[in-house]
Each structure stands twice: as C-alpha cells, then as structure tokens.
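Student: Residues per chain are reported as follows:
Number of protein chains: 2
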Amino acid sequence: MKRTLFIVVSICVFILSIALPAVAQEPIDLAIVGGTVLTMDSEAHQIQEGYVAIRKDRIVDVGPKSRLERLYHPRQIINAKGQLAMPGLINTHTHIPMSLFRGIANDLTLQDWLEHYIFPAEARNVTRDFVHWGTLLGALEMIKSGTTTFADMYYFEDEVARSTKQAGLRGVLGETWLDFPAPDNKTFEAMEAFTEKFIQEFKGDPLITPAVAPHAPFTVSPEHLKAARALADKYGVPLLIHVAETKAEEQQIEAKYHARPVQHLKNVGFLEKSVVAAHCVWVNDTDIAILKTFDVGCAHNPSSNMMLASGVAPVVKMLQAGMDVGLGTDGPAGSNNDFDMLEEMDLASKLQKITLMDPKALPARSAVAMATIEGAKVLKLDKEIGSLEKGKRADLIILNLSHPNEVPSYDLYGSLVYSIKGCDVDTTIVNGHILMRHRNVLTLNEPEIIQKAREFHDRILESLKTH
Amino acid sequence: MKRTLFIVVSICVFILSIALPAVAQEPIDLAIVGGTVLTMDSEAHQIQEGYVAIRKDRIVDVGPKSRLERLYHPRQIINAKGQLAMPGLINTHTHIPMSLFRGIANDLTLQDWLEHYIFPAEARNVTRDFVHWGTLLGALEMIKSGTTTFADMYYFEDEVARSTKQAGLRGVLGETWLDFPAPDNKTFEAMEAFTEKFIQEFKGDPLITPAVAPHAPFTVSPEHLKAARALADKYGVPLLIHVAETKAEEQQIEAKYHARPVQHLKNVGFLEKSVVAAHCVWVNDTDIAILKTFDVGCAHNPSSNMMLASGVAPVVKMLQAGMDVGLGTDGPAGSNNDFDMLEEMDLASKLQKITLMDPKALPARSAVAMATIEGAKVLKLDKEIGSLEKGKRADLIILNLSHPNEVPSYDLYGSLVYSIKGCDVDTTIVNGHILMRHRNVLTLNEPEIIQKAREFHDRILESLKTH
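Sequences listed follow chains E and F, in order. The numbering used here numbers the first residue of the first sequence as 1 and each following residue consecutively. The numbering used here numbers the first residue of the second sequence as 1001 and each following residue consecutively.
Calculated from the structure, these hints are not laboratory results. Note that beta-carbon positions come from the ideal geometry of N, C-alpha and C, so glycine has one too. Among these hints, one or two may not hold up.
[Said to hold, decoys possible] Stretches of chain E that chain F covers, calculated by requiring three or more beta carbons in the stretch to come under 8 Å of a beta carbon on chain F: (1) 70–82; (2) 140–154; (3) 300–310; (4) 381–390; (5) 449–462.
[Unchecked claim] The calculated SDA-like cross-link candidates involving lysine to any residue, where the alpha carbons are at most 20 Å apart (straight line), are: (6) E:360 <-> F:1179; (7) F:1465 <-> E:411; (8) E:247 <-> E:114; (9) E:360 <-> F:1312; (10) F:1360 <-> E:115; (11) F:1360 <-> E:116; (12) E:247 <-> F:1446; (13) F:1360 <-> E:363; (14) E:465 <-> E:124; (15) F:1247 <-> E:358; (16) E:360 <-> F:1115; (17) E:81 <-> F:1446; (18) F:1081 <-> E:25; (19) E:360 <-> F:1056; (20) F:1292 <-> F:1322; (21) E:360 <-> F:1117; (22) F:1056 <-> F:1027; (23) F:1360 <-> E:357; (24) F:1360 <-> E:105; (25) E:247 <-> F:1360; (26) F:1247 <-> E:357; (27) F:1360 <-> E:194; (28) F:1081 <-> E:465.
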C-alpha cells in the first residue's frame, strides 16, 4: 500500500514538474532576450544575460534570462544577444520643428541669432505644415539615435503633438508664449485660448503631456507668466521655460525687475511644482537653493551653451544641491545642430571636467543617469519612464556592441558616454511599440520626409532673399 | 573651287567634332562623379556637380562634371550624386594600438591615469601581437569614420606600419622613446637602434612616413632629445612629441630646467623643421612665437584635453600667430575614447567658443580646415594631401547627405562640423585605393578583428587582476 502510494505520488510530481511551467507561463506581447540589460534603477543593476518582459505598454518583468524565460510566453521575441538594452534617452529641452532650420545661422551670439535670423525666419516660414514636417524630421533623427521622450517648446504645438504620436514618440509638449506675435497666435488672448484647447485635446494621452511654455523671463511679462502658472494649475500640466541662459538676460532682468531671473520667477509666483527650467547657466547658490525648494528640474544643454557661448551651467553644484538635472539638445538651428543625446552625454561630462579642471567632476555613470532616470525626474515622469523596472512604460533602446568603436568595453557607462554613437542604436521601442528595428524606422516614411525637408530648405532660402 | 574647298573643310570639321572627344579622352583609373566636391583648396572651391579624376595614386583633375566627363575615360566610376566628396580627414595625434585599452581607465587625471593604469597595463600587455590587432581595430574605426591619414606615437611602430599598410591607410608613425624601459625596447641603445632600422625599412614608402617620437620633455632627457633630433636629421624624418599638455608638466620642467617646456625644447636644439607638437595647452605668447619661428605644427586634441582636464589650448591665438594647427583624437584609453575626427571638429569649435565666450571664435570652416589641409601642413604633407587638387594623392572620402541629421543643409562646413557624423561616411579612398564602399571595409576582416579585440579584453582584465 505504502509502496503504491509512493509510486502514485512520484508519478504525479513528475507529471506536474513537466506540465507546470507550461501552464504557468504568462502570456506577454514582447520579450527582449539575451542582451546585457542596463536598468538605471536605483541600485544600478546590470544583468549580463537579461530578459525584459513587456505586456502592452508596460514592462512586466526584468531579470536574468535563465529565470524569466521559463515564466513568460512572448508573442514576439527580440533576440538581443551581444547587444545592450537600456532605457530610452530623454531629451529634456528642444524645439523639434526647427530641424528644418538646421544650421541656418551658425557661429553667432544668441541675441544676434535670435533677433536677426531666427525670429525673422520663423515669422516668414513657420506654418502648421512646417511644424508637421519639421517634427517628423526631428522624430526620425531622435528614433535613429535612441531618444524615446522629448520636451519641446514651439508653436502650433498641437501639430507637434499629432506628428509626435504619428512617429510613436513620447513628448512633453509646451505651446510657446511670447509678448509679441508668434507664428501661430498674434495676441496674448489667442495664445491663451489656443493653449487651453491644446491641453484639453491631449490631457490624458498615453504619449503626450501637454504643457504651457512661456519663452523666457525677458520675453514674457510677469502678468503673462502668472497667467501661464494659472493655466498650468487649472489642468495640472507642467510649465517649460528658458531661464538664466545668458549674462545679457541676467542684466536685462536685473535692470527691469531688480532681481535675478530665478528670483524674479519666484517673485511673480511662477515657481511651483512641475517647472522645467532650460539652461540655468547664470544661477548662483541662492538661485540653486530656490530651484531646489520648488523642485524645479533643470534641462542642461551643453552643446547649445558652448555653441552660442552662453556660459557653462554649474551642473555639479546643482547635482550636489540635490536638484534634478537632465540633458537637452536645444534646437538644431545654430545651437547644436542635431538631436543626438549620446553626444550630449559626452559633452556634458567633458564640459564639466574642463571647466572645473577635474577629470572626476561628472563621471560617465552620472551622464548616463542625466540622459535617462534624472531626465525623467526633471519631467516629473520618473514613475513612468527613465529606467527598466517592473510596472514602468516599455520605453527602451537596444544598442549594437560589435562596431569597431564599441570594442573592447571595460565599463558600459564609459562606453555609452565616450565611444558609442547615436548610429549604434539598433532598435527603439516606445510604449511597447517597436519604432525602429535594425535601423529601419517602421512608423515613418523616411525618403518622403527627407524630400520634404529639401523642399522646405529651398522655400526658406527664397523667403530670406525676398525680404 | 572655293565652294568645294568650303564643303570639304566643313565635313572635316564635322567629323573631327564627333571623333575628337572620343580620341582625346584620357584613360584614368577612377572617377568620382556627380557629387558636391569640397576641395579645401586655397580658394575654398565648392563644385556643385563635380568630377574627381584619379589615375593610380594621384588626383589628375577636379572640376565640374559637365566639363570633365568628356575629357576622361575612367576604368571605374563611383556615382556620388547627392553625396559629398572631400579630402580624407587627418588625425595629427594618436596612439592607435591603444584601441585595445579603449576606456580602460576613464574619469582620471593624466598623472594618475598614466602612472597607475596605462603604464602598468602596457607593461603587462603590449606585445607585437597586441600592436598588430590594436592597429587593425583602430584602422577599422578610422576608415569607417573618414580618416585617411594619422600621426601615431607608440611601441613596435614597425608593426603599426605594417598593419597600417594592410589597412591601406596613410601614417606618419613615430617610434616612442622614453627614459625608462618600454614594452618593446628596454634600453636607450635598443630604442635608438630599433628606430633606425624602422626608418630604414619604411623611408620612401608610399603610405608610411617613419618618425622618431620622444614621449615628452618630462619623460625624455635633454641628451636623448638631442639624439632623437640627430636621428631625425640623419634621415630627414619628422619628430613627434607631447608638449605642454598639463600644468604639472610645466611646473616639473621649470623646476628641473628653469625653462618652460617649449623654451626647454628650443634650448636643447630639438626644435627645428618637422616637429609635430601634440597638445600645446600650456603655451604663452613667447612659446607661440618660438613654435612659429621653428615652424612647429600643433596637434590639438580637444576631446583629450577636456576629458583629462588638462586645460584648453589657445588655438585661436596660435592660428592668429600663423601657426599650423591640426586636430587629433589622442588615444582611446580614457582620453577620448574613439578615433572620430568629425566629433573632434565639433568639439574644437565649441570648446574655443565657450572658452573665449565668443560664438565666432572658431567657425565651422576653420574646424574643417584643421581636420584637412591644416592637418596636412602640421605633418608637412600639404604638398601631397589635405585638399582635392590636381597632382595630390587621391585620399578622399564620400559622405552621405540624405540621413535625417544631414538635412536640410544651409552650409556644408557647418553641416560637417555640427551635424554630420562619422557613420555618415559612405566611402573611403586612400592613395587611389577604395578602402571602404557603402560602409563595407574592403581591406580588413571586420568580424575577425572584433573577435580578437574581445579576446585581448579578457586577457588584459586578467593581467590587471593577477599583478
């Protein structure tokens, strides 16, 4: 009897041990299998042979392949063996439609550049159609260089939003306000009404976070800054603004308002939760303390600050003060001139080193964090993106690790910052959707966009001649 | 009679007008047809739809396609329509075999990096085999990012030379001298004899210019500097040396020789024709005047100077003084970490702008010149390379102009410096030979080299553990 029972139990255990894993395998939509996984989570986990499980728009699990591949049954598998999977890059400050002005006015000061080239060129050329194609061109470049989320300030921002959704990217998109007529809205009332309608249209969108983007303290009056704050509060959306970019701005604001730019913003009640301050070059210790108090995130743009000779942002100081500092490319019309976040990491690190004369000033790992999880914090999206963790959105990129510039690699963070390039990105995934595979962008018609960009080039040149 | 003569002459002229072009077409080996040609000649000619005629290793003609295609009968045609043909990039300072140490010690000071990481790692790992594979790995990356000539300082430089010839690249290759045992030669006498043999072997080679490369004023005694000068003079070869890279070097040399590095080199009689001085960061006006007097070319390495926090070279001052200043990547073992000359142009320009707080400090066109014709002058090879001109060597690259980051383009120099990337290079030609076509390197076995690099990685890591 005992022996029979033993045999029956043994057989049952044997059957269960075969059947259970198959029964227990949870269905998922997509699995990234076999590559090194750089999680950028708070413990900086790196998994040698990893597995990322994705269901719909979310990461449902991250871990070693050996453990996870028995747990999940993926509808689609991406074999990432020998490659690197990491969070998609987050560009915290840009003007994406300006891709059509790429390099139109290089080697100039910010004031000269803005007043004599960019504002006139914009007045004559920026239409809804321009914004549509400019966004698609910028999106193409972002997808191909590993950016999955960007924060934008421009005009016709509802069109930026629609084009961004078409590309499949994630965006925090701010309609720009100015005290003078903009390409889209000619009066303040029109800007305000347009922005409210834009927010209503996109609030709650899975990819788009609408925002209000007063241009800068020197181009927007205190009254309009307050109106921007009020509108942002009404809908619970972020504010994007340029702050303390140049010495000239500092002097102008001090002369007019007897306060430094950051203090002026505080005085008018602009600084509350969810402000993204681009640049923060001319900030002193008091300014930094204020920014920290109001939890203002800084979008640092090393390339732009160097190219326009605006100054060097005190990034190390801001980080030491506990501020969130992300990276941005700024626009490509003479202040970068591309959307390549891998280059921005390299520059951010090298610029701090040389400025502080300290090669340890901003190590590679900090630069990678600024381009991922810290950028997410700047945009107040760190619960959703910025790292590869269970429950977060499936925004990730897969990089080749076999190109000559990528081998050998003694430290992945160092490789990413100092030798891996944008064109080493092989696959880009946003919200669970594959936007690029083996460098083919699946959501956009690349030749058509390139052709359109060339047509705009001719039209823009013509417009500058005839006026 | 008169009428008959007229008819006969007319018929003859008619026949000749048909027959002559065919008869007169000169045979050539290769024609680059239809692309924009950026000549970088002294008048900065740009040809919209151009034609470059190549016979054997030389450019025999450059001009508009409409005129030239009737004159030449090419054996092989490269259709460059919609692309950009320009001189190959010239890297005036590197240590190519160190590709195998890529990023092995990031975020460190030069002294710490050299003494605690690089010198020990070299002592344990640098063999002839290491130099062979390291050179091939570096050459792969150079070919793929548009470099056609590089100046190198390392050990087993005869092996660098052989591997460089295998890759098909052009090199000014200096055997490194130190006052302590090097990986290849353990005594000064051995170094000297080795170098003389190396020079004898490669003097007159169509691709290789052998050179003597005493490491730096702080690592080579005056006596040995003089010996290097004597050996260079004996064979009419260049001298390569690091000069005034760090503040520490300046202090060390001043304490020991009561002179600044440049003045010390002058005092020992080292500075004569054909010296390439890498870095020149800590040079004052007097130093610059001395360097100019002796026609010393400077190899400026913006990435390395930033990454090691060595300082910012006074590039604009040196250019204003009439010095030849080229660009270099330096080695990739924690001071760059790649061989990407397009990035170096971008950095060179942006670093001068931010340092001088002047966005016009080093415009795009100057940066492109530094990477081509000025680099050729630094290496005293400007009669042979650096521009696309009749009679020069056929060293050129063809770049794609249709990638998203490349359109639209309002200014080719600006595009090259600020938005075109190394991976936009489509075709690389050196000495009339096609080394890469459509990004396939034709002279080297890429997968084999990548595999070897990974094996060296494991071996190097092991060597650092066990000592």
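Student: All hints are to be evaluated individually against the structure, with a verdict given for each.
Tutor: Hint check:
no., hint, in the structure
1, 70–82, "violated (count 0)"
2, 140–154, "holds (count 4)"
3, 300–310, "holds (count 6)"
4, 381–390, "violated (count 0)"
5, 449–462, "holds (count 8)"
6, E:360 <-> F:1179, "29 Å, violated"
7, F:1465 <-> E:411, "16 Å, holds"
8, E:247 <-> E:114, "15 Å, holds"
9, E:360 <-> F:1312, "17 Å, holds"
10, F:1360 <-> E:115, "17 Å, holds"
11, F:1360 <-> E:116, "16 Å, holds"
12, E:247 <-> F:1446, "50 Å, violated"
13, F:1360 <-> E:363, "30 Å, violated"
14, E:465 <-> E:124, "11 Å, holds"
15, F:1247 <-> E:358, "13 Å, holds"
16, E:360 <-> F:1115, "17 Å, holds"
17, E:81 <-> F:1446, "19 Å, holds"
18, F:1081 <-> E:25, "54 Å, violated"
19, E:360 <-> F:1056, "50 Å, violated"
20, F:1292 <-> F:1322, "7 Å, holds"
21, E:360 <-> F:1117, "15 Å, holds"
22, F:1056 <-> F:1027, "11 Å, holds"
23, F:1360 <-> E:357, "24 Å, violated"
24, F:1360 <-> E:105, "11 Å, holds"
25, E:247 <-> F:1360, "17 Å, holds"
26, F:1247 <-> E:357, "11 Å, holds"
27, F:1360 <-> E:194, "38 Å, violated"
28, F:1081 <-> E:465, "27 Å, violated"
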